[in-house]
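Chains as they are written, first to last, in our numbering: chain A, 1 to 353; chain B, 1 to 353; chain C, 1 to 353.
Please note that the accuracy of each hint is not assured.
Unchecked claim - Here are the simulated PhoX-like cross-link-like pairs (lysine-lysine), alpha carbons at most 20 Å apart as the crow flies:
| # | chain 1 | residue 1 | chain 2 | residue 2 |
| --- | --- | --- | --- | --- |
| 1 | B | K177 | B | K60 |
| 2 | C | K293 | B | K293 |
| 3 | C | K177 | C | K324 |
| 4 | A | K293 | B | K328 |
| 5 | B | K324 | B | K179 |
| 6 | A | K312 | A | K324 |
| 7 | A | K60 | C | K293 |
| 8 | C | K328 | C | K185 |
| 9 | B | K185 | B | K328 |
To be verified - Counterexamples of contact, computed for chain C against chain A with all Cβ distances above 12 Å:
| # | residue |
| --- | --- |
| 10 | E118 |
| 11 | V197 |
| 12 | I287 |
| 13 | M295 |
Hints were generated in silico from the structure; no laboratory data involved.
Remember, it's a predicted structure, so these values are computed and weren't measured experimentally.
Don't be surprised by glycine CBs; every beta carbon is placed ideally from N, CA and C.
The lines below spell out each chain.
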Amino acid sequence: MTFLRNCWYLAGWSREVGPDTLLPRRLLDEPVVFYRNADGNIAALHDRCPHRFAPLSSGKLADGTLYCGYHGIGFGTDGQCVENPHGPIVRSLCVQAYPVRESQHGIWIWMGDPDRAEATPVPDLQHFHDVPETAYSNGYLHCAANYMLFVDNILDLTHADTLHPDTLGGGSYTRTKVKVSEHDKGMSLQWHCWDEVPQPNMRLNGFTADTADSWTEIEWQAPSIMTLRNGAVPAGTPREDGKNFLVAHIMTPETETTTHYFFAATRDFELANRELNDRIAATRASIFTREDKPMIELQQERMQGQDFWSLKPVLLRSDEGAVKVRRKVDALIHAETAGRKDAPQSEPANLAS
Amino acid sequence: MTFLRNCWYLAGWSREVGPDTLLPRRLLDEPVVFYRNADGNIAALHDRCPHRFAPLSSGKLADGTLYCGYHGIGFGTDGQCVENPHGPIVRSLCVQAYPVRESQHGIWIWMGDPDRAEATPVPDLQHFHDVPETAYSNGYLHCAANYMLFVDNILDLTHADTLHPDTLGGGSYTRTKVKVSEHDKGMSLQWHCWDEVPQPNMRLNGFTADTADSWTEIEWQAPSIMTLRNGAVPAGTPREDGKNFLVAHIMTPETETTTHYFFAATRDFELANRELNDRIAATRASIFTREDKPMIELQQERMQGQDFWSLKPVLLRSDEGAVKVRRKVDALIHAETAGRKDAPQSEPANLAS
Amino acid sequence: MTFLRNCWYLAGWSREVGPDTLLPRRLLDEPVVFYRNADGNIAALHDRCPHRFAPLSSGKLADGTLYCGYHGIGFGTDGQCVENPHGPIVRSLCVQAYPVRESQHGIWIWMGDPDRAEATPVPDLQHFHDVPETAYSNGYLHCAANYMLFVDNILDLTHADTLHPDTLGGGSYTRTKVKVSEHDKGMSLQWHCWDEVPQPNMRLNGFTADTADSWTEIEWQAPSIMTLRNGAVPAGTPREDGKNFLVAHIMTPETETTTHYFFAATRDFELANRELNDRIAATRASIFTREDKPMIELQQERMQGQDFWSLKPVLLRSDEGAVKVRRKVDALIHAETAGRKDAPQSEPANLAS
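Start from the sequences and build out the full structure, keeping to the hints where you can.
Below, the structure written as structure tokens:
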């Protein structure tokens, strides 16, 4: 499968990599190891020693140098060998180093042309700068389905009425036409559910009015980053009075049929309420784990490895956003691969040749 | 693999589908969901929503309408959408519905040309109409081998002398030449073991004579339905005095290398003896589970995915019935596929195109 | 994958096959069953009945005849049918019999041209003739990696400095240049680590001097048999005063990506010390199981089914022996396959055609 390469992918949460951690993670079907150098800065190398192909993540970290656990060759964060117990340090003794950044509690990796990384800012998740710990949570799910199925899922929130009847259901998403608008940073989707039946989770959070004006606004950035703003007020009340939940859903391809699903959440009210924070985080993780993930994995299974379009899905009005996003991602990938005709599409050639 | 399509396959036992059951079952490598409509009649749909490919079997049944669990689209037993919360009901919003019947405690499905289903009667298993509960049992085994290996197994009963020494062994099958005769409904095989050593299970069932006249008569129907009549009398006694066990072995392909193995049993004596019924059922299930199934799965494993004939089996006299049946099935499949050259051989094209 | 065929492979340890054992073992991707005839002599047959392809290893052994457990056909140790309950014994009713030998506690099999087996002696492991039980141990590991990766591992002992820091580490192997010499029986590798830091396991075994002269000398025979002599003396002491550990590492391919790893050990001192023997055996098995096997299996995993050379390993001085051996094995296989152009490369054709 061809993935978009010239973009930043979320590879993990910062808390996953401590000072002594070697975190192996497959991304875009390439093995990568993440760790911190002596200054605590994150580094990412191709997770395969160029000598005998042992995973560097099975090695040892000492003073920011990553040593292969099989024959003891040491590499710097730029991928070049810095210690070779078996002879001279030759230029070919190196592994690919990936540009990495830490931002908004996450570790971001650039797996395309490294020269283009510097000029490209890490995606702005908007809501997650300077958030107090008591109003922040994040999570991770390893999922057995293609990443775009998870993007589809978020971009068609009508699924909530059927799949999440006890929390987000009630039919308001389905009765409301989503507004989709493309712009230079990506795509915006707006569900404005005016004068509607309150959703069950609003009741759980203390909403008592009979009818609600609620909104869910999604900002999508290519290829698979989405941030949501969601809130509600008693019908007819000024929206400014409402509380907002702020959520990010970020999917990074592991392989063609498996996905690293990252999510984070904050809010614009009761920022110091840790108990509330814990309760919201637990509910959200439970919904993803018990409702979205199993259904989407079953979807993947039923597709039996076939291409989404080749199966000729019957598209509905509610698919508008997801379809536009899929076409956009396909176009971006096409443009990218057209621009590097002879370049490797999957794993990079070993640099030691 | 190409399967015979214009025939009725046993898909399950009636008891497997209660009023609220959604039974997913892969048949001829297609996913199917079985359920009952509001009148209790059985229905079978292609188990994949045409919208986003979620399995319908993960949805919900209400008043005979099957709702996809992902976006709530409802389907009737004819496969047509009857409820679309997201817009108009268009003709393309449908899934394949399969002709189904209930007969002789079983659910039968037709996966070929639906126009030909009506004129084709469901296979007659002969012994299983109007059988009292106290003289009936059935069972199911999921097996990891091609369905024709299980057909071979029943059609060469000499295997019993080696594989089932404690119940059916003793050598009488091997010493007797089977009579094979083809007729317009299928194939008949007769083992008439006259003046023979009684089989161990006859002793267990109270047979005391030193020598026995025993018979096992098989009726095979294409592609993989077999009914057996088996009994014994003291040697020289009129056969009419004997008791008969009546058994069906029915194999339905799940995939090329896995099989739904159904079996049922009754008898023509002591019809009200429930204790006897339970004992016979337990013994039979034990033999299949502990002796036949493991050996045939090992056979499949040793064939390593290769075609049976390409491995050049050394055929013996006792293979006559199995070989004739294999050739007949091959001819039927060949005739069928020749008649629909451009038709799909495996999964049907999505109707929503 | 093409394996060298005209050579003796170690298939198991003699103790693995008792008088009633049927040992199934896949070798060079062919299923083989090992057993003993009535005289206790070892026999090896293709483990697939020519009739219906059941594994003969699921059958029964009686008076040296191996009976298929499915239909009772009996085979002699030459693979010819000796009993057919279903008709005449025809010549086609046979399975391939492999030349086998027992030697040096092991069962050896010849999977190439049988006419060449007689003239080829079983590999001499040198150290394992007439060894008392109290100074001998052997072991077996089933490993999920190509056999040549295990050969590489032994032929580059510098890995010990990194992978086995608590027993064989300290850097002496890495600081010493191995001497590699090819000869008509194979390849010799010599690590002579003079005036070096003693290895940790030497300390455990009572070595008290500050510096050591130690040696590890490997004799390699094609394709994957290695015997080692390893010992040490206080630096400057005559080598003749030293004690030697004598070890064999023998890898037999199961499939392209799995290996039967056999090892055996003895010594030239304290031959009656059973307690010492047990302690050494336990330590050695622990190192292989917890250090070598996992690392090499990870190596295999990272190679993702690609050919070793196609991945362009960066070769180091310490790879000299392994690279020469790989080229030698490739040349032997090439010579062999060139000589039998139309011959089967993997599983032999069924003889019953």
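Hints violated by the structure (numbers, ascending): The structure conflicts with hints 1, 2, 4 and 13, although it agrees with all the remaining ones.
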